[in-house]
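Novice: Chains X and Z are the protein sequences, given in the same order.
Start counting the first sequence at 455; every next residue gets the next number (the working numbering).
Start counting the second sequence at 49; every next residue gets the next number (the working numbering).
Here are the computed lysine-lysine pairs in the DSSO-like style, where the Cα-Cα straight-line distance is at most 30 angstroms:
1) Z:K149 <-> X:K487
2) Z:K149 <-> Z:K57
3) Z:K222 <-> Z:K149
4) Z:K149 <-> Z:K61
5) Z:K57 <-> Z:K222
6) X:K487 <-> Z:K197
Here are some of the chain Z residues that sit facing chain X, going by a computed Cβ distance under 10 angstroms:
7) L108
8) H155
9) A159
10) D180
11) I208
12) V217
13) H224
FYI, nobody ran anything at the bench for these hints, they're computed from the structure.
Predicted model, so just to flag it, every value in this text is computed and none were measured.
Heads up, the beta-carbon is just placed ideally off N, CA and C, and yes, glycines get one too.
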Amino acid sequence: MQPQPGRDLRISEDAGRYLCDFIYFSSLAHLRKAGVRRNVVFFHVPSENSTSNFTMGRELLLQLVRSMVESELAHRAAPTEAELTR
Amino acid sequence: MNPSWEIAKDLPKYLPPLRAKLPGQSSSSTGPHLPPIRLLVHPEPIRVNYQVVRSLIPRLWHLKGSNGENTAGDGDADDAGDAGDAGSRVQKVLTPAPKPKIDFAIHIGMASPRLHYSIERRGHRDGYAMRDVDGELLGDDGRRLREGKDWIWDGMPAEILTDVDMEDVLRRWKMHSPVSSDLPPSPRTDPPD
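Chain X with its partners taken away, still in its complex shape (with noise of 0.2 angstroms):
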């Protein structure tokens, strides 16, 4: 069984400053230039062409989904200080 890609997930702080970087900006520069919440993220998958990789990074993307519209949720029913002064 070869070596899987890690399996972790992370937050990081650098989309590397190319298309990726620059279509993020662009939809988050979209969106506060609209005056409308943020609701954005970008995912970065490894590059690896297989099969599981690709099967992988279906699943998680979906519940990348799913964890977003749960963290709403949650927001919305107990609201931040900061949210509730927006």
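Put chain Z on the given structure of chain X with help from the hints.
Specialist: Here is chain Z on its own, set in the frame of chain X:
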């Protein structure tokens, strides 16, 4: 092949329910009841070209600059994906169908040397020095000087952070996601194309 697109292209139309509980998962992984969540996928990979991306984003969001009532509305959530990194081909975006309100978006891209999965907290306005796949530089330094107040990012800070609660999302994401032992070992790796 483009991993971002491979991941995005076959997504279901709606977020499926959580998998059956697996041994070793905590009971909290079942999570709260969610409304139906519709997934919209941009119909094709997005070219790794600065100007293509710049012109696509407003259409992707369909917000028209209105000071929207949209605060991640009700029910439908959507997601967007996209993006390639390091010379990669790109991505895809989940995009608007006729006129849906996009509640959430996820851009997808690949990071060459990384062996882990990450979610990015911030985007950067400056420092794009690499040429895109068509050999073009972004050229915003000159554009900013020429266009002044009309520059697309005039008045924007050097970094913009997402409003998503990243720590909370990461915690939930880890809880919902399989660990490697939950997955069948992959019998082979496709050769790079």
